[in-house]
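Asker: Using the hints, position chain B against chain A.
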Amino acid sequence: MKSKNILSTVFALFICISILQAQDAIDKYFYQYTDNPDFTSIVVSSKMFELFANIQSESAENADDDDFKEAIRGLKGIRILSYDRNDFPDAKIVDYKSALKKVGPEYEVLMSIDDKDEKLRFYILENNEEIKELFMIVGGKGNLFLMSLVGDIDLARMSRLSKKMDIGGMNYLENLDEEHKTK
Amino acid sequence: MDRDRLAYLEKKYWEGKTSLQEEIELQNAVRSGSDAVSDLLTSIFNATAQSREISLDDDFDSAFWQKANVEHNDNRGLVFTLSAFMRYAAVGIILLGIGGVVWNLAFKTDNKVEVAQTEFTIVDTYDDPEKAFEETKKALMYASQKLNQGKEPLGEIKRFYNAKMSIAGTPVDTVNYAKTNNSSK
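From first to last, the protein sequence lines are chains A and B. Here our numbering is used: the first residue of the first sequence is 129, the next is one more, and so on. Here our numbering is used: the first residue of the second sequence is 5, the next is one more, and so on.
Just chain A, same shape as in the assembly (with noise of 0.2 Å):
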């Protein structure tokens, strides 16, 4: 009886241990990768979600942007890691598969698909059956790209987003703001 409160105690203590190093993973993802000028690096904060409340909408072709802020109710900041790299095209594949390897077993998988030019990975955390981060990973020809989007999340509203508003088969790889890249 006593050997068998001692193993209880171990296995739940290694439980404990191995869901606080699971949570860690994406963040070391994300600041193993900061200050590497070769990666952007974007990070929204919740105070600067709360300060787009703010933002008026002046013109119509800002019209879309109450939706938008509809859209992004609830949602409590955002970061962003990509590196993109055209030169070398099969460098960074290894980086997708070490970033997939990094998500913890608390993650579920929400979608994937695989092509030959792009893997892309959709991952939420859901707590109370409310989904509270969607991580994304897209991996491709010397890119990758990672999100965590963390907050109360609609993915139903989220996947209005694009098709309310036109974006034009925007890469957005391409549209990052490169005066930002982490220098």
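No lab work stands behind these hints: they were computed from the structure. C-beta atoms are modelled at their ideal positions from N, C-alpha and C, and glycine is treated no differently. There could be a bad hint or two in this list.
To be verified - Only pairs whose alpha carbons sit at most 20 Å apart, straight line, appear in this in silico EDC-like list of lysine to aspartate or glutamate: (1) Lys204/A x Asp132/B; (2) Lys141/B x Glu178/A; (3) Lys155/B x Asp282/A; (4) Lys15/B x Asp61/B; (5) Lys197/A x Asp131/B; (6) Lys141/B x Glu236/A; (7) Lys141/B x Asp245/A; (8) Lys155/B x Glu178/A; (9) Lys204/A x Glu178/A; (10) Lys141/B x Asp195/A; (11) Lys16/B x Asp282/A; (12) Lys141/B x Glu261/A; (13) Lys135/B x Asp195/A; (14) Lys142/B x Glu178/A; (15) Lys155/B x Glu236/A; (16) Lys141/B x Glu198/A; (17) Lys142/B x Glu236/A; (18) Lys142/B x Glu254/A; (19) Lys175/A x Glu138/B; (20) Lys16/B x Glu57/B; (21) Lys175/A x Glu134/B; (22) Lys204/A x Asp131/B; (23) Lys71/B x Glu57/B; (24) Lys142/B x Glu198/A; (25) Lys141/B x Asp193/A; (26) Lys260/A x Asp243/A; (27) Lys142/B x Asp194/A; (28) Lys204/A x Asp6/B.
What the hints assert, rightly or not - From chain A, some residues computed to sit far from chain B (all C-beta separations above 12 Å): (29) Glu178; (30) Arg213; (31) Leu228; (32) Lys229; (33) Val231; (34) Pro233; (35) Glu234; (36) Ser240; (37) Glu246; (38) Arg249; (39) Lys269; (40) Gly270.
Answerer: What follows is chain B alone, placed relative to chain A:
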């Protein structure tokens, strides 16, 4: 002392009926070298007297404990049962676990410092909320586009399912789209 009395006392002694006083009388007679007491009784009394004089000195104690410790050490390696092993193993694992937690906490503290430093320089990637808003919009559009890209094959399946149900004459119902559609609450 009266020989007859001594003979009487000895007889009583062998019968186990002597009193303490009478036994002392016999002992005194033996000590004084009286030949009225038999050799057997004399030797018994002499042996008893000698044994009373023997005492354990310090050398005996030290020799005893030295021997006892040596034997204890010799036996220590042999008496190692499974339960003892389990006890040591459990203690070892608990210590490892505690070490892991401590290490993890220390590591997390380092991480926090790193995060704090990064937040200082990176979190406010954009000082201007409008720029941050535009960038957020672009990022979410990209995610939205990818989400829909993943749903396209499901749309095909849905159309196929609907067509199949129409042919079969069953009212067309919606197809569950897994979590992408279920999450709208």
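Asker: Hint check: Lys141/B vs Asp195/A, CA-CA at most 20 Å. Holds or violated?
Answerer: Distance of about 11 Å is within 20 Å: holds.
Asker: Can the restraint linking Lys142/B and Glu178/A be considered satisfied, given a maximum Cα separation of 20 Å?
Answerer: holds (18 Å)
Asker: Below or equal to 20 Å on CA atoms is what counts here, so check Lys141/B against Glu198/A.
Answerer: holds (12 Å)
Asker: Is the straight-line distance between the alpha-carbon of Lys142/B and that of Glu254/A 20 Å or less?
Answerer: Not OK: Lys142/B and Glu254/A at ~25 Å, beyond 20 Å, violated.
Asker: Is the straight-line distance between the alpha-carbon of Lys204/A and that of Asp6/B 20 Å or less?
Answerer: Not OK: Lys204/A and Asp6/B at ~120 Å, beyond 20 Å, violated.
Asker: Given the proposed pairing of Lys142/B with Glu198/A, does the C-alpha separation stay at or below 20 Å?
Answerer: holds (15 Å)
Asker: Given the proposed pairing of Lys260/A with Asp243/A, does the C-alpha separation stay at or below 20 Å?
Answerer: violated (28 Å)
Asker: Would you check the hint for Lys141/B and Glu178/A, treating anything up to 20 Å between C-alpha atoms as holding?
Answerer: holds (15 Å)
Asker: Is it correct that the beta-carbon of Arg249/A has no partner in chain B closer than or equal to 12 Å?
Answerer: violated (10 Å)
Asker: Is the hinted pair Lys204/A and Asp132/B satisfied, with a Cα-Cα distance of at most 20 Å?
Answerer: Answer holds: Lys204/A to Asp132/B is near 17 Å, not above 20 Å.
Asker: Is it true that the CA of Lys71/B sits at most 20 Å from the CA of Glu57/B?
Answerer: violated (25 Å)
Asker: Has the given pair, Lys175/A with Glu134/B, been kept, meaning a C-alpha gap of at most 20 Å?
Answerer: Holds, because 13 Å separates the two Cα atoms, which is no more than 20 Å.
In the structure shown, a violation is registered for the earlier hints numbered 4, 6, 7, 8, 11, 17, 18, 20, 23, 26, 28, 29, 36, 37 and 38, in ascending order.
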